[in-house]
Structure formats: structure tokens, C-alpha cells
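K.L.:
This is what each chain is made of:
Number of protein chains: 2
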Amino acid sequence: MSAVHVPSPREKTRALVLDLIREAQSVSRVELADASGLAAATITNVVRGLIAEGVVHEAGRARSRGGTPRRLLELNAGSRFAVGVQIDWHTATIVILDLAGEVVARTSFAGSGPRGPQESLTELAGRIEAMLCSSGVPQDTVVGVGLATHGPQDRHSGVLLASNPSPGWKGFPIVTAFEEMLSLPVVLENDATAAVIGERGRLSNGQRTIGLVYMGSGIGGGVFVNGDAYRGASSNGTEIGHISLDINGELCGCGNRGCLEMLAGPHQVVKGAFAMPDLTERLGLVGGHDAIVKDFARLTRAAAEGDPVPRALVDASARYIGSAVVSLTNLFDLDEVVLAGTGFDHAGQIYLEAVSHALSSTSYARAHRTVHARLSSSPVFAVAIGAATMMLRRRVPSAEHS
Amino acid sequence: MSAVHVPSPREKTRALVLDLIREAQSVSRVELADASGLAAATITNVVRGLIAEGVVHEAGRARSRGGTPRRLLELNAGSRFAVGVQIDWHTATIVILDLAGEVVARTSFAGSGPRGPQESLTELAGRIEAMLCSSGVPQDTVVGVGLATHGPQDRHSGVLLASNPSPGWKGFPIVTAFEEMLSLPVVLENDATAAVIGERGRLSNGQRTIGLVYMGSGIGGGVFVNGDAYRGASSNGTEIGHISLDINGELCGCGNRGCLEMLAGPHQVVKGAFAMPDLTERLGLVGGHDAIVKDFARLTRAAAEGDPVPRALVDASARYIGSAVVSLTNLFDLDEVVLAGTGFDHAGQIYLEAVSHALSSTSYARAHRTVHARLSSSPVFAVAIGAATMMLRRRVPSAEHS
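In order, the protein sequence lines correspond to chains A and B.
All letters in the first sequence, in the order written, are residues 1 to 402 by our numbering.
All letters in the second sequence, in the order written, are residues 1001 to 1402 by our numbering.
The hints are simulated quantities; they were obtained by calculation from the structure and are not laboratory data.
Source: prediction; values computed, not measured.
Just so it is clear, CB atoms sit at the ideal spot from N, CA and C, and this is done for glycine as well.
Hints should not be assumed to be uniformly reliable.
[Said to hold, decoys possible] Some chain A residues well away from chain B (every beta-carbon gap over 12 Å; in silico):
| # | residue |
| --- | --- |
| 1 | ALA15 |
| 2 | ALA24 |
| 3 | GLU31 |
| 4 | GLY49 |
| 5 | GLY249 |
| 6 | LEU283 |
| 7 | GLU305 |
[To be verified] From chain B, some residues computed to sit far from chain A (all C-beta separations above 10 Å):
| # | residue |
| --- | --- |
| 8 | ASN1045 |
| 9 | GLU1058 |
| 10 | GLN1118 |
| 11 | ARG1231 |
| 12 | ALA1233 |
| 13 | GLU1239 |
| 14 | ASP1345 |
| 15 | ALA1367 |
[Unchecked claim] Have a look at the derived ranges for each label pair, beta carbon to beta carbon:
| # | chain 1 | residue 1 | chain 2 | residue 2 | range |
| --- | --- | --- | --- | --- | --- |
| 16 | A | VAL30 | B | PRO1138 | 39 to 45 Å |
| 17 | B | THR1042 | A | ARG366 | 43 to 49 Å |
| 18 | B | PRO1138 | A | GLY255 | 54 to 60 Å |
| 19 | B | LYS1170 | A | ASP290 | 16 to 22 Å |
Between the sequences and the hints, there should be enough to build the whole structure, so can you do that?
P.N.:
Written out as C-alpha cells, the structure reads:
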């Protein structure tokens, strides 16, 4: 199959109806017609199909307001499942979501490191199968796997365009290879874009414009607008980590100067700590590329607990992220900004306060509109949840593995 | 009428068919069905209506490739017209476009200055009526007026949200007032957004993602993506003039620090010149807010002619714009960047080279994708052309003044 599934109009209608039932939890056909703008006959047909496939059932009647009581529809949450996977050098996460979008199982473990895609994907496939088994999820109820990675991708051919996590991944057919290992459809997605799709999936109003900053070992971004992730020309946009906040700053690895990731990312914060030997000793920092996520976790935990020296390092990082979020808002005209990723796991509140302050004091449209910032409800699993949500929204209800 | 016309599905289909005929110049019904993805019967119906209304005619037959020769359709360019208006403190421009998108008449003159909206709109209405008359355009062939202004707008209620051009404009019902003066539908648009819609109208491939930097007395931006202008939450996005390029820079009037407009806009360049008294004398610069556009024109003309001192000032400005364009590209994943506005009228080539250099040396995805930069073919009238194009795409073919 192609790496990017283009849904037919019929599939889109079914996905929309399922989304509305999921959001409402319990809803009548008449309410579905109102909310979707679809004809009553279309709703009747779609719902009939969904009931026949076992993904929706009738659950009692709404109270009457004069006429015949309306029969209420609910999802069979356990009728379909989707898997979400995130993999980078440092960390890997897997989640299983049921049809209602609830997390059935989740796990996080060491990322690929220097290993190539064949070895890493084999490990991931083994873990997915074990999780499905131990969660009691039958293989034939799984609609597919959303696979989120960092950096430039060719989503249509299902390959990564950069040597990330390591050189062997560049150009490797990861989607095809993973599909063969799992006998399941796989869709490739950018990590931060997956996260913003997942955050949208948890909101009731699909018309909101949402920006997301994702911080793992690096910094990425995503925007959700007009009911879908912002894609641009090649689905490689919203690279907030590589906008310049200091045109005269140091050279970033990307070739630009003073990029957000270089100024504010975990590498920079940890580097700042290593300029203070007593601090690194006190916090037990390890140093080096492989320990970046753990060292950053130790630093941000200490900052959150009130240790003033790491707090100053985190404050500096948070100020840069606040400035970049203001640029993101001034450009994308957002309703809301979400912070997600392991980087926000311990000191998320510090980052959130800095971002909120920047938005309320320096965003261009602040006199006319308030832009709200919030932490992801699940910073560590936001990407994997989003990757699975993407599969639920695209591939449901048919569990056929085309 | 409402300030924002929401087209019906039928109107959208007609507008799409008209766009395709405009782009192809001469096209058969079969080719229209192919290009639009619409059913042959739908095309037949829509074309019948367009011919009956006199906006399309049959113009001979295509060469046969075996079957019956296909009848070719062409626009009646002179059957409908649209007016585009741009107004800010410093300049005002008006264009009349025919249905084919060609400029029938154009003019530019002094902007509103401190005058309020009633007085300025009355002047604009008088000029529009005189231009229509002297161009021989009958009032009943005019589909409407696109009105482009700078700064935050409430497009739905047709009012400006800021004291721009001057305090009296804030909250004034400019759309309703202008419609009453002209007895024509009026649609409000952001100046840079209008410009990018106009630039899109001149390309054959509607799927390209285009970014635009607009420099008048200030700096704004627009993005065209998925066949329409990027809107975000409130149609007040892509404010590229207020993204920070120097987080530790001077305070901008917007409350942010080191904004592009403050570092690179005409005010800053002219201010730089006034630090050199012999330069200001030599170029005959006037100084002051009201002369900013003229002074900047003198400076950029001298720079373009090779005068090294103004050239250095323009180079500094161009470097900032290059950096901001890279951020715009890294965030919106663009295919192309266009420079438009009076600010690029004289030294456009210098700015274009700086932007092209920044894109090819520092954009994040440069290893995978080339982003082309170009100057607008009509920098001074790009906004008014875009505002008129917007009306042509939305309100055609019906010339009914609802």
C-alpha cells in the first residue's frame, strides 16, 4: 500500500460521524445531522453501517421533548484499537488506544541509539505484539500503526530524508518494512505534528487553531488549523526549533544562526550546567550525547524543586521558548498553544508560565485576542497518542489490512 | 449584507470552473472535467449558466484526436470587472481588473494621512467612479470592491481593530459605509494577504504554497496554501513584521523586542540615513513620519544606482528580511516567496538577492527542497490587484449587488 492513505469521500463522512460520536460520547442521529451538516438520510446510512460493523451501538433513548424519544448512539470503545509509536535516538514510546481514544496500554524505553532501522523496528514490532497480547487486544481489531519520527520525511514514499536517528535510517523504507513485520497498515508522521493531532483529538471544538511546541532532545512544532494538521508544501513545516531568535547568534547545526533549539534546547541547558562543576556533581549529571535526556530530566526536576542554579538555566531556556511561541502565534494566528514532550515532563509549569507571560505581554494581537497556553495532559506520551489518534481518525471503522 | 460573503457550494463550483478557464485561456468541457474532478454533467450545467450570463463563450474547436472535435471555451474578459483598493496613511492605490485578471486601469496617490475614514472613503469612491467612467466600464458589470488595509481587522463585521491609519478608523464601519457610497459589495482584507491572493492568481498551479513579504511603510506577510490564503483563528496571522530576530534587541512599538519591522523597515533605514547629515543632504531627504515613503524611495533608488552608503543601509535591512523569510519558510514549508509593496519598488533586486541567498544557505529543508524567491511583477499595485482578484474569484459571475 501507499504510505499515505487518501481517504475517499465515504471514508471521510464515516470518520467525521465517528469523531462526533466520540466527542459527544452519547448522541442521537438528529444531533449528528445538526452537528455535521449532513442530510438525515446520510446519517441513517452511515450509522447503519457502523452498527453492522460493531463499532457503534444504540444505548437507550434521550428524554422526550414532546416527540418520540431519540435513540442514543455510543461507540463500542473496545471494538477497534490503534497503535502509536514514537522512535528517536534517545527514547521510544508505544501506546495502544481504543476507539474512544482512551489509552489501553503504554510503555517507554530506550530509543534506537546508533542502531539501524531493521534492528530497531524488529524490537518495536516485538514489543507491540507483546503489548497487544498482554492487553487482550485481538490482532484483527487493530486498524493500524501511526509511526512518528523526527526530522524531514517523505510521507508519500514512507522514508526519512535525513540521517536521523542515525545514518542507516536515511532513505530506508521504514513504512514498508514495518508493515511487513506487523501485517498492519503503517502511516508515517512528524513527531510534533502527531502530537498536535493528538491534542486536537482531546478537544471538543475542531475549529480551534492550535500550536504545539514539542521538546524531546530537540525542539519541534506543529499547528492544527481548519480541522487538520498544517502541512504546507511537503509536510515538513512548523520547524520552530530552527527559527532564529538572534540573527547575530552562534551558528546552529542547521546552517542558520541563533536558532531556538540551539539557544533553549536540552543540549544547551545541560551545557550550561557543565560550566558549573559543583552543580554537575551535586546533580549527578553524566554528560555526553547519550545521556542528554536523563541529564535534562535531572536538571529540570531540580529546577522544579526550587534549586536556584538549575532554575536560572531553565528560566533562560523558557524565555527563548516564550519568544518563539510569540512568533508562532503572530504568524499562525493561534487560539491555543500546547507544550508537549519529555522535555516538559518535570519543569513544565516553569515553561508554561514563561510562555503565558510572553503571550500576554508581547503577542501582536493581545489587545484583541487572548491566546491560551497549557501543558499536554500526557507530555511523555503525547506523540505516540497523537500517532495512534491519526490512525483512529483515518482508518476506522474498517479493520481491513489493505 | 455581511462583510464576509460565504460562497455556497454552487458558487464555489462556478468560481472553480471560471478559475480554470481563466488559467487555461482556452479549454474544452472535457478538459475542465479532468482538471476539476467534477462530473461531466456538472461541467455542462455550470458552463451553460456561464454562457447564458455572457461571461463565457465558445471559441472554435480543438483539433480532433480521432473523435468529435471539442468546442473550446473562453472568458468574455470584458463582461465583468472588479475594483481593488489599498489605503493606508501614506499611500492609496486603485486598480480595475477585467474578468481575465488583466489591469484595465490603475492609479496611486497620497494615503489618508490624519484624515478620518468618512473623508478618505468619500475621496476613494469619487476616484473609483471617475476611473470606471473614463475606462468605459459600465457600473452594472462591476462585481464589487476589494478593500485592503493594514493591521488587525474584524473581517466579519467589516471594521478595523486598531487606530490605523489614524484613531478615527478604529471601529468605524468602513465596509458598510463604503458599500453605501458605491452601491457595490465590498470585502475587507489584510493588505499582505490580498497581495498573496493576487500573486497566486497569476500562477497556473493552485497547489503551490506561497509566502509573501509586503513592505510599504511597515512590513507584513501573507501565505497562500491549499488553494486559499492562510487565515488561522481570526484572519490576523502572518504578521512577519513582528517576529523577533533579536530577543535582546530594542523594544518595538508592538511590545516585543527586535521585531523585523523595527530592524529592517523603512523607518529604520531612513533613521540610519539621518545619522549621516551629508547623506541626507545629498539625497534631499525630508525626514518625519509623513515623508517616510518618499525618503525610503530616494534611499533605495540611490542604493540601486550603486551609491555605497545607502547601499550599506539597504543591505542591512535586506539581511534581516532574509532571516525572517527563512523563519517563514521553516514554519510554513513554502514552495515560493514573493516580495511585494512600494518598499521593493526601487531596490527590489538587492532584497531579492539577499532573500535568495538566505534561503539557499540557511533554510532548514534546503537539502531536500529548493524554495524560489521572486519580485512581484507589480510591486506597487500588488495589494490592490490582489484585492480585486479576491472579488473576481468570490463574486463572479453574478453581478447582482446584494
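K.L.:
Hints first: check each against the structure and report whether it holds.
P.N.:
Hint-by-hint comparison with the structure:
1. Its beta-carbon lying about 19 Å from the closest one in chain B, A:ALA15 satisfies the requirement of being farther than 12 Å from that chain.
2. Every CB of chain B is more than 12 Å from the CB of A:ALA24 (nearest about 24 Å), matching its label as outside the interface.
3. Every CB of chain B lies more than 12 Å from the CB of A:GLU31, the least distance being 23 Å, so the non-interface label holds.
4. With a least CB separation of 24 Å from chain B, A:GLY49 remains clear of the 12 Å interface cut-off, as annotated.
5. A cut-off of 12 Å between C-beta atoms contradicts the statement that A:GLY249 is not in contact with chain B; the least separation is 9 Å.
6. Every CB of chain B is more than 12 Å from the CB of A:LEU283 (nearest about 27 Å), matching its label as outside the interface.
7. Interface exclusion of A:GLU305 from chain B stands, the closest Cβ pair being 27 Å apart, more than 12 Å.
8. No Cβ of chain A comes within 10 Å of the Cβ of B:ASN1045; the nearest lies about 20 Å off, and the non-interface call holds.
9. Distance to chain A confirms B:GLU1058 as a non-interface residue, since its nearest Cβ pair spans about 32 Å, more than 10 Å.
10. Every beta carbon of chain A lies more than 10 Å from that of B:GLN1118, the smallest distance being close to 23 Å; the non-interface claim holds.
11. Chain A draws B:ARG1231 into its interface by the beta-carbon criterion, the shortest separation being 7 Å against a cut-off of 10 Å.
12. Some Cβ of chain A comes within 10 Å of the Cβ of B:ALA1233; the nearest lies about 4 Å off, and the non-interface call is violated.
13. The beta carbon of B:GLU1239 is not kept farther than 10 Å from every beta carbon of chain A, the shortest such distance being approximately 4 Å.
14. A cut-off of 10 Å between C-beta atoms confirms that B:ASP1345 is not in contact with chain A; the least separation is 25 Å.
15. With 10 Å as the threshold on Cβ separation, the claim that B:ALA1367 sits away from chain A is violated: the shortest Cβ distance comes to roughly 8 Å.
16. Here the CB-CB span from A:VAL30 to B:PRO1138 is close to 49 Å, at odds with the stated 39 to 45 Å.
17. Range check, B:THR1042 to A:ARG366: about 46 Å between beta-carbon atoms, so the 43 to 49 Å window is met.
18. Checked against the hint of 54 to 60 Å, the pair B:PRO1138 and A:GLY255 passes, with Cβ atoms roughly 56 Å apart.
19. Checked against the hint of 16 to 22 Å, the pair B:LYS1170 and A:ASP290 fails, with Cβ atoms roughly 56 Å apart.
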